[in-house]
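K.L.:
Chains as they are written, first to last, in the numbering used here: chain H, 1 to 140; chain F, 1001 to 1270.
Read the hints as simulated data drawn from the structure, not as lab findings.
Using N, Cα and C, we set each Cβ at its ideal position, and we do this for glycine too.
Be aware that a few hints might be false.
In silico BS3-like links for lysine-lysine, alpha-carbon gap of 30 Å or less [what the hints assert, rightly or not]: (1) 1121(F) x 65(H); (2) 1104(F) x 140(H); (3) 1256(F) x 140(H).
What follows is a list of derived Cβ distance ranges for each label pair [to be verified]: (4) 130(H) x 1204(F): 28 to 34 Å; (5) 1064(F) x 78(H): 49 to 55 Å; (6) 130(H) x 1033(F): 34 to 40 Å; (7) 1188(F) x 38(H): 28 to 34 Å; (8) 1190(F) x 38(H): 38 to 44 Å; (9) 52(H) x 1041(F): 16 to 22 Å.
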Amino acid sequence: MKKALVFLMALLIGATSWAYVDDALSFAYEAASPYVKKGFNVREDAWGGDLGVKDQQAVQAQLFKGNEYWFCLGTDVKGAVLSVSVYDSKGNIVNVETTRAGRLSAVRVEPQRTGTYYAIVTVHKSPQERTGWALVYAYK
Amino acid sequence: MPIILNATIAAYFLAVAIPLYAQKPPEAVDLSLFPAQAIDDVLVPVPSEIFIVLDKLGNPNWRSELRDSLGRQSGNRAQVALLLGTVIAEGFVAVEAEDPEKVKDIGRRVLTLSKAINVEKAVLERSKSITDKAEVKDWISVRKEFDGALQDVKAAMQELGDDDLAQLVSVGGWIRGTEVLTSIIRKNYTSDSAELLHQPALVNFFTKKLDNLSNKRLAEDDLVERIRKLLAAITPLIGNGEGEVIPSENVTRIHKMTRDTVAAISSKGA
Chain H
1 MKKALVFLMA
11 LLIGATSWAY
21 VDDALSFAYE
31 AASPYVKKGF
41 NVREDAWGGD
51 LGVKDQQAVQ
61 AQLFKGNEYW
71 FCLGTDVKGA
81 VLSVSVYDSK
91 GNIVNVETTR
101 AGRLSAVRVE
111 PQRTGTYYAI
121 VTVHKSPQER
131 TGWALVYAYK
Chain F
1001 MPIILNATIA
1011 AYFLAVAIPL
1021 YAQKPPEAVD
1031 LSLFPAQAID
1041 DVLVPVPSEI
1051 FIVLDKLGNP
1061 NWRSELRDSL
1071 GRQSGNRAQV
1081 ALLLGTVIAE
1091 GFVAVEAEDP
1101 EKVKDIGRRV
1111 LTLSKAINVE
1121 KAVLERSKSI
1131 TDKAEVKDWI
1141 SVRKEFDGAL
1151 QDVKAAMQEL
1161 GDDDLAQLVS
1171 VGGWIRGTEV
1181 LTSIIRKNYT
1191 SDSAELLHQP
1201 ALVNFFTKKL
1211 DNLSNKRLAE
1221 DDLVERIRKL
1231 LAAITPLIGN
1241 GEGEVIPSEN
1251 VTRIHKMTRD
1261 TVAAISSKGA
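Using the sequences and the hints given, assemble the complete structure.
P.N.:
Structure representation (structure tokens):
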């Protein structure tokens, strides 16, 4: 009985987590939509998770010199302020342009080298303890 | 209509947005302060991310890169997953070649291979959409559908508890993509185009995944073992540091190794 309850709780928590990542993902795609009109291809794959206030998460991306990228971040939490910045493998910022509005935030990158880059997501403030986020990127 | 409205609102806000939280990000960060698990995973780029750079650098003959045969499948799930990855990668080549018949053929093959590993449902709509969009030569949408098919297949496998198999689809696609990339670079070598091979994080990511397969049968599969050796052999050839020149001999060696591996994956059932 106890095991069943634990299992049910785990299922419930799992389902809740997926729900807010899904919502955040919708906002991330919304953040990317203006760039589709500018000829960018938005990837179907995405990063996502949840963070506490002032927490950061780094995700790795393989970028190619010659391409232009937009990294687009969304959150499901109204009133939360998040940002994304991109750094090269030595930890130097490579942001070319950033935009932020409400739950949407985006950064443009034009890699000068082909290689590994790190997109760092930060939750600056949020009305909730944990803030769901999702990050997609577009390229052309 | 709601989608257009959302896009319009997003475009407006992003265009005129005054930063609501004007905090300038640091110019430099110490990446070693981030926990290893946070930066362990990497999104695998789709072949078209590289192919469009090649288009900017020259005018590759994509049609000549297309394979006549998409390979044969066996009853071996590892081989089918790897083959599926190579076939989806072929889809991106066919899009570059703007060959509707080949794209439709590949769309159908994706469906057949997905059926063999019980994830047919996940790609049924994608397959139909690939055919429909290839018919009207909407190449941007076809490219998106192949990306989507790849993600849907992997998600369906993960849902079935087959995460290992999902990794093999990615690896298969990457190997075929690298075969095509090196084929084009070696025909018209420049250090700029060779730099596209500098993908240490990806090679490391695949190596770790293959070294940690939980399914014993997959872990000991001959093709998987062959790919482990391939990744180990490629690692020293793709440049240690960013900006390091990758010589033409390395490109040729990587091409031969990936070509032979794709041939092995494709002929397993022959």
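K.L.:
A separate judgement is required for each hint: does it hold in the structure or not?
P.N.:
Now for the hints, and whether the structure bears them out:
1. 1121(F) x 65(H): Violated - the C-alpha atoms of residue 65(H) and residue 1121(F) are around 37 Å apart, more than 30 Å.
2. 1104(F) x 140(H): Distance of about 24 Å is within 30 Å: holds.
3. 1256(F) x 140(H): It holds: about 29 Å lies between the C-alpha atoms, which stays within 30 Å.
4. 130(H) x 1204(F): 28 to 34 Å: holds (30 Å)
5. 1064(F) x 78(H): 49 to 55 Å: Check passed, 53 Å falls within 49 to 55 Å.
6. 130(H) x 1033(F): 34 to 40 Å: violated (21 Å)
7. 1188(F) x 38(H): 28 to 34 Å: With Cβ atoms ~29 Å apart, the hint holds.
8. 1190(F) x 38(H): 38 to 44 Å: violated (28 Å)
9. 52(H) x 1041(F): 16 to 22 Å: Check passed, 20 Å falls within 16 to 22 Å.
In summary, the structure is inconsistent with hints 1, 6, 8 from the numbered list given earlier, while agreeing with the others.
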